[in-house]
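Colleague: Going line by line, the protein sequences match chains A and B. Residues 1 to 113 in my numbering are what the first sequence spells out, letter by letter. Residues 1 to 112 in my numbering are what the second sequence spells out, letter by letter.
To be clear, the hints were calculated from the coordinates, so they are not data collected in a lab. Heads up, a few of these hints could be off.
As the list claims (entries may be wrong) - Simulated crosslink set (DSBU-like; lysine-lysine; CA at most 35 Å straight-line): (1) A:K68 / B:K104; (2) B:K69 / B:K104; (3) B:K99 / B:K69; (4) B:K99 / A:K24; (5) A:K78 / A:K68; (6) B:K3 / B:K104; (7) A:K68 / B:K69; (8) A:K78 / B:K104; (9) B:K69 / A:K78.
Owing to the predicted nature of the structure, the values given are computational and were not obtained by experimental measurement.
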Amino acid sequence: DAGVIQSPRHEVTEMGQEVTLRCKPISGHNSLFWYRQTMMRGLELLIYFNNNVPIDDSGMPEDRFSAKMPNASFSTLKIQPSEPRDSAVYFCASSIRGGYGYTFGSGTRLTVV
Amino acid sequence: DAKTTQPPSMDCAEGRAANLPCNHSTISGNEYVYWYRQIHSQGPQYIIHGLKNNETNEMASLIITEDRKSSTLILPHATLRDTAVYYCIVRELQGGSEKLVFGKGTKLTVNP
Numbered sequence: 001d002a003g004v005i006q007s008p009r010h011e012v013t014e015m016g017q018e019v020t021l022r023c024k025p026i027s028g029h030n031s032l033f034w035y036r037q038t039m040m041r042g043l044e045l046l047i048y049f050n051n052n053v054p055i056d057d058s059g060m061p062e063d064r065f066s067a068k069m070p071n072a073s074f075s076t077l078k079i080q081p082s083e084p085r086d087s088a089v090y091f092c093a094s095s096i097r098g099g100y101g102y103t104f105g106s107g108t109r110l111t112v113v
Numbered sequence: 001d002a003k004t005t006q007p008p009s010m011d012c013a014e015g016r017a018a019n020l021p022c023n024h025s026t027i028s029g030n031e032y033v034y035w036y037r038q039i040h041s042q043g044p045q046y047i048i049h050g051l052k053n054n055e056t057n058e059m060a061s062l063i064i065t066e067d068r069k070s071s072t073l074i075l076p077h078a079t080l081r082d083t084a085v086y087y088c089i090v091r092e093l094q095g096g097s098e099k100l101v102f103g104k105g106t107k108l109t110v111n112p
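Kindly generate the complete structure, drawing on both the sequences and the hints.
Modeller: Structure follows, in structure tokens:
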């Protein structure tokens, strides 16, 4: 089992550019979560999906952020346009709905200059 | 908002037991207590969870008080690799939500 796979591991982009973060959940997991971590705000849940359907996006900071899950094995988090305050580590996690533990990916460190 | 209170930091000597406390005085009857940890630069890692009975696995033990208002995570023989931020989380189950809301956690430093 390769675990939750996120790409890229690091991303440096200029303000105003579009950024796309990718996540492949563990096979068989039907819930997927996107978190953001900063020193100031800690770990924040942005959005989560169940069976590819967005269930709760109340943590998405603003319209510049969007997330999709076109199938059970792939999800994207897009920021357009990016801003320096979006700099953070973005984590994806997956679980079995009703299960007890999340498995997190290694994260994508995003730097917007 | 997180529904738990943890000390911001703790120290432990290598080889000794690390006891990490957590207060969750507003926990409701169907909410579980979860523990995760995050080693520097890595994603959080699930450790253990419980409802009202004490639990033990290969990583740790979880002791929940009878009134369920607090719990303690025990690492029986801490090693340097256990240095991490430990998060105590009460799982919110509202209308089918599966959210895990992370607080600030306890920074555990295991010293040689």
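Colleague: Against this structure, judge whether each hint is valid.
Modeller: Outcome of the hint check:
Proposed proximity of A:K68 and B:K104 is supported: the alpha carbons are some 28 Å apart, at most 35 Å. A threshold of 35 Å between alpha carbons decides the hint, and for B:K69 with B:K104 the separation of about 18 Å falls inside it, so the pair holds. Proposed proximity of B:K99 and B:K69 is supported: the alpha carbons are some 20 Å apart, at most 35 Å. Taking the CA atoms of B:K99 and A:K24, the gap is near 19 Å; set against the 35 Å cutoff, the hint holds.
Between A:K78 and A:K68 the alpha-carbon distance is near 8 Å, which keeps this suggested pair within the 35 Å criterion. Straight-line distance between C-alpha atoms of B:K3 and B:K104 comes to about 11 Å, which keeps the hinted pair within the 35 Å bound. At most 35 Å may separate the alpha-carbon atoms for a hinted pair to count; A:K68 and B:K69 exceed this at roughly 38 Å. Our distance criterion of 35 Å between C-alpha atoms is met by A:K78 and B:K104, whose separation comes to about 26 Å.
For the hint linking B:K69 to A:K78, the alpha-carbon distance of about 40 Å lies beyond 35 Å, and the restraint is violated.
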